[in-house]
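Sequence lines, in order, name chains B and F. Its first residue numbered 1, the first sequence is counted upward by one per residue in the working numbering. Its first residue numbered 1, the second sequence is counted upward by one per residue in the working numbering.
Hints are computed from structural coordinates only; laboratory data are not their basis. Don't take each hint at face value.
Stated by the list, open to error - In silico contact screen, one side only, chain B against chain F (beta carbon under 7 angstroms); selected entries:
id	residue
1	55
2	79
3	84
4	90
5	118
6	121
7	150
8	155
9	157
10	159
Unchecked claim - When the alpha-carbon atoms are kept at most 27 angstroms apart in a straight line, the in silico BS3-like pairs for lysine-lysine are as follows:
id	chain 1	residue 1	chain 2	residue 2
11	B	239	B	290
12	B	31	F	95
13	B	318	F	95
14	F	31	B	10
15	F	31	F	10
16	B	290	B	343
17	B	94	F	354
What the hints assert, rightly or not - Just the calculated beta-carbon pair ranges, DEER-fashion:
id	chain 1	residue 1	chain 2	residue 2	range
18	B	91	F	332	21 to 29 angstroms
19	F	234	B	241	15 to 23 angstroms
20	B	94	F	285	44 to 52 angstroms
21	B	241	F	232	48 to 56 angstroms
22	F	80	B	233	34 to 42 angstroms
23	F	297	B	27	57 to 65 angstroms
Note that this is a predicted model, so its numbers are computed, not measured. We put the beta carbon where it would ideally sit given N, CA and C, even for glycine.
Number of protein chains: 2
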Amino acid sequence: MKAIRLNLKKRSYGIIIGSNIIGLLGSCLKKLNIGTDAYVITNARIKNKYGAKVSKSLKAAGINLKFKLVADTEKSKSIASLSGVIEDIVDFDKKRKIFIIAFGGGVIGDLAGFVASIYKRGIPYVQVPTTLLAQVDSSIGGKTAVDLTQGKNLVGAFYQPKVVFSDLGLLKSLEIRQLRSGLAEVIKYGIIKDPKLFVYLEKRHKDIFKCNARALLNIVWRSSLIKARIVEQDEREEKGLRTILNFGHTLGHAIEAAAGFKKYNHGEAIALGMLLACDIGRELGLTGNKTCIRIERLIKAAGLPARIKKIPVNNIIKAYYRDKKFIGARNRLVLIRNIGRTKIVENIPLELIKKVLRGRI
Amino acid sequence: MKAIRLNLKKRSYGIIIGSNIIGLLGSCLKKLNIGTDAYVITNARIKNKYGAKVSKSLKAAGINLKFKLVADTEKSKSIASLSGVIEDIVDFDKKRKIFIIAFGGGVIGDLAGFVASIYKRGIPYVQVPTTLLAQVDSSIGGKTAVDLTQGKNLVGAFYQPKVVFSDLGLLKSLEIRQLRSGLAEVIKYGIIKDPKLFVYLEKRHKDIFKCNARALLNIVWRSSLIKARIVEQDEREEKGLRTILNFGHTLGHAIEAAAGFKKYNHGEAIALGMLLACDIGRELGLTGNKTCIRIERLIKAAGLPARIKKIPVNNIIKAYYRDKKFIGARNRLVLIRNIGRTKIVENIPLELIKKVLRGRI
């Protein structure tokens, strides 16, 4: 078991990482002293698998709980779903000392965190992420949001949890494709900040797919540490420091959106985005050929895509310009010099972006 | 013209108060440098009266604008209204540097501020309050919220504006009942913090109803100053310092709710709440009889009610216990020792509360 402290003055919190630690959740929450009544937002699959364990652990710590099931899809991040959850909370919250547990992947974490931020102008919540992607990325840093029909994550808040409780044992029940999607973010951390993590992944990616406890602990810990240190320096994405976390994401999101969020999951899309960022860096003379080759080799070894399937370049470009990151700002991408060294580059010629897209179709 | 600085480190802002200053709004916003495209949330009545002036002032400062009209009722604070406004903003917000202007009374300020807090995880907004109540109270301090069917203000955020711009000239078009409602809050400030303000109101309340510019400037300035200093010390109502602002509000809200938010407006209800708090204080030997008499005399002179019309005591008591301020906490009221000195008292016997209610029916 490992613990990381994320320092944000009054909003500081711990990130607890370990194998088969879900039984310790109750005592962890009791120590935090954030309330006696847990409103657990999750989905049916997770509740069926782990609901009884969570329930037992919380009750043993003197914490009442209610499970609220939401659909296991992005639809749970709609305004309609949001208001349904909040109205249900009001009914639960009678003479209680309530807090929220986000028990699920990124969708549930985003929804539950946003609910916690706005209900009664903010109540405590904790993240219990159940996917690799959520454990290494979305559960840390307090970015919460829901979607509008016009676009994803357009409504939200920066609102920090009281703890992130990552049980690696929960990852065993993930589909391989979900594990790979999370691994894409781990690879990203290696590329932007941690050459040793990158080398570790090159050597040990097979152990990860076997859910080897030590390998998982190592990658989740190192990734969480990187994310935590960046969030500490730039909590609200005002200083541009948090920008490097977007490596692979700008073009990745455009691909996800152009494919109607169906063909690719998040990790697959950002794997493509990272490769495209390498391609652009190579064209600009910024990224060495060897670096590009190592990254592509690792992405392929992780079972992530290296080529874009049947999406017209123009659709990707359109989605790219619709991205909210551009509004009021110039076109800007995170590129890399080497494994571990990023460079933010603005005003990349559209023709170059089109060229590298064509090269991967 | 007067200006107050509300100090909250990075979230500090100014409160500008003056007569017929709406023409200066554009240059004030330009100096703030918060954006080039204003999304002005207001209602039809205000837009008809002052829309052209605002438009001229902003355009002269190089700021584009769009008016968004919402209904002039509490219904504008529904989740449905909220999502309507946000979807409309997305359509306006194309390659722009957008900010929001809350141009109206408390309902519009609460809605617009909350929209600003959650759209893209927070965009700048300014308060241009058009009622006395909003100028002295709701526009200052960043408390924003919308309602649920189950209760008012259950969803919201603490989110500070970039400026509060109070034009006293706008108050001339208010109905006398609205002016009185705002005056109830001014009387509250006098009672809880400012004996000189209280004496001023005793002497000059007639000038206020005539919208005498100097009298309005004096009461809005002193009230804003008190509110600002309290907010500075307890921005998120965590330290209990902001609690004294609830003087008259706990029982006042219960009366408002028990009357279905129809019989009494906010100021009228809190006038009753303040008198009931005096009654309780007197019964407990805390508040002197002379103080009670002075307060009741001023409230009556301001045209505010001193007796509760046809609401069963039990309905008020039920609403009182439903109030969100009690969840997880004990029954607690702000009472007074003298004009200018408050005392927070917990566990007031229910029988005593019933007794003073009966005494005012």
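For each hint, the structure was consulted:
1. This hint is violated: residue 55 of chain B has a C-beta 22 angstroms from the nearest C-beta of chain F, more than the 7 angstroms allowed.
2. This hint holds: residue 79 of chain B has a C-beta 5 angstroms from the nearest C-beta of chain F, less than the 7 angstroms allowed.
3. Interface restraint check: residue 84 of chain B against chain F, minimum CB-CB distance 10 angstroms, threshold 7 angstroms, status violated.
4. Because the closest C-beta pair between residue 90 of chain B and chain F is about 4 angstroms apart, less than 7 angstroms, the hint holds.
5. Because the beta carbon of residue 118 of chain B sits about 5 angstroms from the nearest beta carbon in chain F, less than 7 angstroms, this interface hint is met.
6. With a cut of 7 angstroms, the hint placing residue 121 of chain B at the interface with chain F holds, because the nearest CB-to-CB distance is about 5 angstroms.
7. The beta carbon of residue 150 of chain B is positioned within 7 angstroms of a beta carbon in chain F (closest approach about 4 angstroms), and the interface hint is therefore held.
8. Using the Cβ-Cβ criterion of 7 angstroms, the hint placing residue 155 of chain B at the interface with chain F is satisfied: the shortest such distance is roughly 5 angstroms.
9. Against a cut-off of 7 angstroms between C-beta atoms, the interface hint on residue 157 of chain B holds, since the closest Cβ of chain F lies about 6 angstroms away.
10. Evaluation of the residue 159 of chain B hint against chain F yields a violated restraint, the C-beta minimum of about 9 angstroms exceeding 7 angstroms.
11. For the suggested pair residue 239 of chain B and residue 290 of chain B, the alpha carbons sit about 31 angstroms apart, so the restraint of at most 27 angstroms is broken.
12. Restraint check: the Cα-Cα separation between residue 31 of chain B and residue 95 of chain F comes to about 47 angstroms, which exceeds 27 angstroms; the hinted pair is violated.
13. Between residue 318 of chain B and residue 95 of chain F, the direct Cα distance comes to roughly 14 angstroms. Compliance with the 27 angstroms bound is thereby established for this hinted pair.
14. Proximity of residue 31 of chain F to residue 10 of chain B is assessed by CA-CA distance (about 32 angstroms); at most 27 angstroms being required, the pair is judged violated.
15. Our distance criterion of 27 angstroms between C-alpha atoms is met by residue 31 of chain F and residue 10 of chain F, whose separation comes to about 17 angstroms.
16. Between the alpha carbons of residue 290 of chain B and residue 343 of chain B the distance comes to roughly 18 angstroms, so the proposed pair stays at or under 27 angstroms and holds.
17. Between residue 94 of chain B and residue 354 of chain F the CA atoms are separated by roughly 23 angstroms; this keeps the pair inside 27 angstroms, and the hint holds.
18. Judged by the Cβ atoms, the range 21 to 29 angstroms given for residue 91 of chain B and residue 332 of chain F holds: they are separated by roughly 24 angstroms.
19. Taking 15 to 23 angstroms as the suggested C-beta distance range, the pair residue 234 of chain F and residue 241 of chain B does not conform, at roughly 31 angstroms.
20. Look at residue 94 of chain B against residue 285 of chain F: about 34 angstroms separates their beta carbons, and that is not inside 44 to 52 angstroms.
21. The beta-carbon spacing between residue 241 of chain B and residue 232 of chain F, approximately 29 angstroms, falls outside the hinted interval of 48 to 56 angstroms.
22. A beta carbon spacing of about 39 angstroms between residue 80 of chain F and residue 233 of chain B agrees with the range 34 to 42 angstroms that was offered as a hint.
23. For residue 297 of chain F and residue 27 of chain B, the hinted distance range of 57 to 65 angstroms is satisfied, since their beta carbons lie about 59 angstroms from each other.
Going down the numbered hints, you'll see the structure goes against 1, 3, 10, 11, 12, 14, 19, 20 and 21, while the others check out.
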